Amino acid sequence: MSLRKKTILVVVLTTIVLMVSVYLLTSKILLSEFIHVEDREVVSNIKRLEDVIDAEIQVLNTKTSDWSRWDDSYRFVTDRNQEFIDSNLGVESMKNLEVNMMVFLDLSGQVVTSQRVDLESDQDENLDLPTDLLPWFESGSLLLEHPDLDSNKSGVIILESGVLLVSSQPIVTSLGEGPIAGYLILGRFLDEGLLSSFSGLIQLDIEVILDEVESVDFGDKPYDILRPNDEVIFGVTKIYDIKNEKYFISKVGFPRTIYQEGVKALKLFASFYVVIGLVFLVVVGFVLEKMIIKRLTVLGGKVDKIRSTRNLDQSVIVEGSDEFARLSRNIDDMLTDLRVAQKMVEERDREIAKEADSIAEKNKTLEHTQRAVLNVLEDLEVEKKKIEETVKLRTLELSEEKSKLEASINSLPVGFAILSPDRKLLLHNSSLNTIFDWGGEDVSIESLKEKLIESFDLDAALTKVRESGDSMSKEELVLGNKFIKLFLSPVVGVRGKVIGHLLLIEDITEHKMLERTREEFFAIASHELRTPLTAIRGNMAMIKDFILPNIDNNPDLIEMINDSYDGSVRLIAIVNDFLDASRLEQGKIVFKKEPIDIGTIIDEVTKDLEGVVLEKKLTLKIEDTPADLPKVLVERDRVKQIIFNLIGNAVHYTREGGIIIKIFKDGNKVKISVTDTGVGISEKNQQRLFKKFQQAQEEVLTRDMTKSTGLGLYISKMLAEGMGGSISLDNSEVGKGSTFSVNLPIAEDQSNKV
Amino acid sequence: MTKIYIVEDDPLMSRMYEKAFRLNGYDVELAFDGEEGLKKLGDMKDKPTVVLLDIMMPKMSGFDVLKEIKDDKHLKKIPVVALTNLAGKDDAEKALSLGAVLYLVKSQYDPKEVVEKVKEIISGYERDDDVPEVKVATKDSK
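Top to bottom, those sequences are chains A and B. By our numbering, the letter at position 225 of the first sequence is numbered 225, and the numbering carries on one by one without gaps. Count along the second sequence from 1, then add 754; that gives the number in our numbering.
Source of the hints: derived by calculation from the structure; they are not laboratory data. Note that the structure is a prediction, hence the values are computed from the model and not measured. Just so you know, nobody snuck in bad clues.
Below are the SDA-like pairs computed for lysine to any residue, each with C-alpha atoms no more than 20 Å apart in a straight line:
1) K866/B with L548/A
2) K592/A with E847/B
3) K871/B with F546/A
4) K392/A with V382/A
5) K773/B with P532/A
6) K593/A with E847/B
7) K873/B with F546/A
8) K544/A with R776/B
9) K866/B with I561/A
10) K793/B with D818/B
11) K588/A with E847/B
12) K773/B with L548/A
13) K402/A with G500/A
14) K6/A with K290/A
A short list of chain B residues far from chain A (calculated; beta carbon distances all over 10 Å):
15) K757
16) Y780
17) D781
18) V782
19) E783
20) L784
21) F786
22) E790
23) K794
24) G796
25) D797
26) T803
27) G878
Chain A regions said to be covered by chain B (calculated; three or more residues, Cβ under 8 Å):
28) 518-530
29) 536-544
Ideal placement from N, C-alpha and C gives every residue a C-beta, glycine not left out.
Turn these sequences into a full structure, and let the hints guide you.
Below, the structure is given as structure tokens:
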């Protein structure tokens with residue numbers, strides 16, 4: 001069911017329910033009020049009836065007293081004269097009097113005379129008294145209880161013939177004097193006529209009922225109210241007779257005007273109510289419709305449309321500034337977001353589609369690749385077979401190579417062993433056996449260790465070599481009565497991992513012996529050669545000095561002695577140079593270096609050569625040395641040896657001219673250059689210059705050259721290089737001269753001055 | 755006369771230096787090995803002015819003799835010149851550190867020069883009446 005219908009239903013139902021309940025409530029309240037009022041009216045009407053009856057009884061009383069307080073009546077009762085009856089009593093007078101009966105009683109209750117008429121009919125007869133009335137006349141009856149002269153007994157008596165209003169008074173004189181002569185009772189039936197006069201009087205319907213009435217339930221009340229319908233209402237009351245024993249029911253009825261007015265009012269109200277309700281309904285409905293339902297429907301319709309057309313571009317905004325409008329705007333915003341999202345999704349979809357395409361593409365490519373790979377695999381199979389063939393071939397070659405290698409290793413004069421990383425002997429050669437005197441014994445690493453242990457801890461060495469990755473060599477180890485040289489190195493695999501150890505052991509006993517021999521030789525040579533030479537030289541010198549001056553005219557002897565002396569000097573020099581050169585070659589010489597002022601050395605050398613220079617009439621010049629010339633780090637005697645060699649050579653090979661010596665700093669060295677104007681050196685000889693036993697000579701040796709040994713430059717070179725310097729021929733030209741220079745390292749602490 | 759005491763095991767050398775000093779007017783006493791050298795030196799009434807001591811000697815090396823001399827209170831004041839045919843600087847330093855005043859390589863000096871050097875020492879010694887300055891004299895090879 002739609003909202004509209006629901007709303008309408010709800011509103012209508014609510015309104016109806018509301019109205020109905022209000023109406024019912026109101027009507028209940030109102031009607032009950034009316035009924036209360038009605039009740040009160042009934043009660044008052046009943047009262048009125050009672051009053052009327054009472055009044056009538058009073059009238060009757062009055063009438064009775066008129067007749068009872070009459071002398072005539074007084075007399076009558078006593079004498080019962082006919083006259084009285086004839087003149088006063090008669091139907092006419094009854095009718096005039098408007099009583100139904102008149103009964104004169106004597107004191108004993110005997111009826112003197114009675115008159116009964118039927119007032120409603122035209123009969124003129126004097127009727128008999130109702131039989132059931134007679135008992136009332138007996139003495140002792142209430143009717144006749146008149147204690148005093150003006151007492152009065154009146155009320156109602158219920159007879160078969162109907163309800164009788166009676167009044168009983170004692171008959172007394174007109175003056176009201178007694179004694180009571182008798183009694184007078186007047187009765188008036190509550191007949192139709194009376195009732196109708198009553199009705200007319202009180203404007204009510206009156207009914208007298210002698211029987212029980214069914215629908216009446218008096219309960220506690222003396223009256224009851226009957227509402228048989230909406231038009232009439234009856235009040236029913238018991239009216240007791242004079243004795244208060246019997247009663248008759250009198251019923252007064254009257255139109256329920258009040259009630260009906262009430263009902264009418266209510267109806268009016270109701271209709272008013274309905275109208276209001278309808279108006280309310282309409283208004284509410286209208287308002288609801290306009291403010292909510294319609295807009296809701298519109299909004300719903302718009303959203304429906306969006307949903308059905310799937311088109312988010314439509315606006316769902318409902319005009320207004322209330323929550324609804326805001327809701328619609330929010331929805332609109334959400335729709336906008338949705339639109340955007342939708343577009344993004346569409347975008348994404350497009351991208352995804354593209355992706356899907358490219359993936360499909362890639363799939364195709366993959367398939368191609370797959371096929372290609374399969375092809376390649378096939379080719380690989382073929383290749384594999386080829387390779388297997390090749391491998392077989394190579395393996396064969398390799399094993400041949402291996403054999404060759406093994407043979408080569410075995411033929412090595414050096415002991416060769418390969419150890420595994422866990423120090424097992426993998427491979428060894430026969431030379432090793434020889435070195436260790438392994439005969440038929442088991443060759444093992446333990447044996448190796450054991451034999452070496454006195455001078456060498458193989459285990460420790462293996463560990464060290466393995467960890468550092470460096471090789472280790474021991475130049476001299478004692479193995480029993482042998483000397484061995486040992487070399488141990490790790491064998492590093494492709495990835496830098498140590499995959500084994502290589503052990504080389506060389507028997508250097510012979511070599512050592514040779515060395516020793518050589519050393520001994522040198523020691524001996526030094527001493528044994530020099531001593532005789534010194535003796536020769538010394539003695540020759542002394543002969544020269546002490547003997548020769550005493551021998552005249554023997555020039556031959558003089559010359560012989562001189563030559564012998566010179567020869568011995570020269571020979572000593574040669575021996576010295578030889579020994580020197582040999583020691584230098586062996587590398588046995590350790591230089592004791594100290595910072596030296598090279599200038600001083602040069603000065604000393606030039607001083608030593610002064611004599612020769614003067615003799616040969618040469619010039620020797622030392623150019624100005626820089627004041628801040630650093631000291632050189634060299635061994636004093638050796639550097640002097642070099643300088644002496646260079647300057648000496650210069651002097652030696654110069655016949656005329658001079659020698660210039662320059663000293664200067666050159667980079668991180670001090671350079672001393674010696675330039676001479678000597679014979680020069682040819683290209684050919686320049687090659688042989690610093691080599692052993694070369695003497696670059698173009699000219700015949702002069703006497704001055706007797707001291708040259710041919711080792712000078714060779715030794716100088718070794719000395720210079722040994723001390724960290726160098727020596728060189730800068731330039732030379734035959735006939736013009738030569739320039740030699742030596743570079744010496746600067747002493748450390750001065751190099752900072754650079 | 756000034757006495758020179760030469761301790762040298764090689765007869766060639768011994769004779770040579772003896773002549774050199776004698777012909778230069780010095781008294782010379784000789785010994786031919788370390789032991790004899792020490793004993794004779796100890797026994798001398800007049801101690802020599804200078805001792806020439808060969809290093810390379812059998813039985814007792816010159817270094818040991820030098821040590822003994824320098825340890826002996828009667829002898830330690832005598833200047834000792836160490837003689838050798840060895841050219842090592844180590845030996846020179848050792849000799850000098852043991853108390854020699856001079857270290858000469860025999861093959862490098864003519865006897866005349868040796869005499870000159872000894873003269874210098876004597877004059878220096880006489881002048882100062884003390885242990886003269888320690889000198890190292892090695893001649894360069896030519």
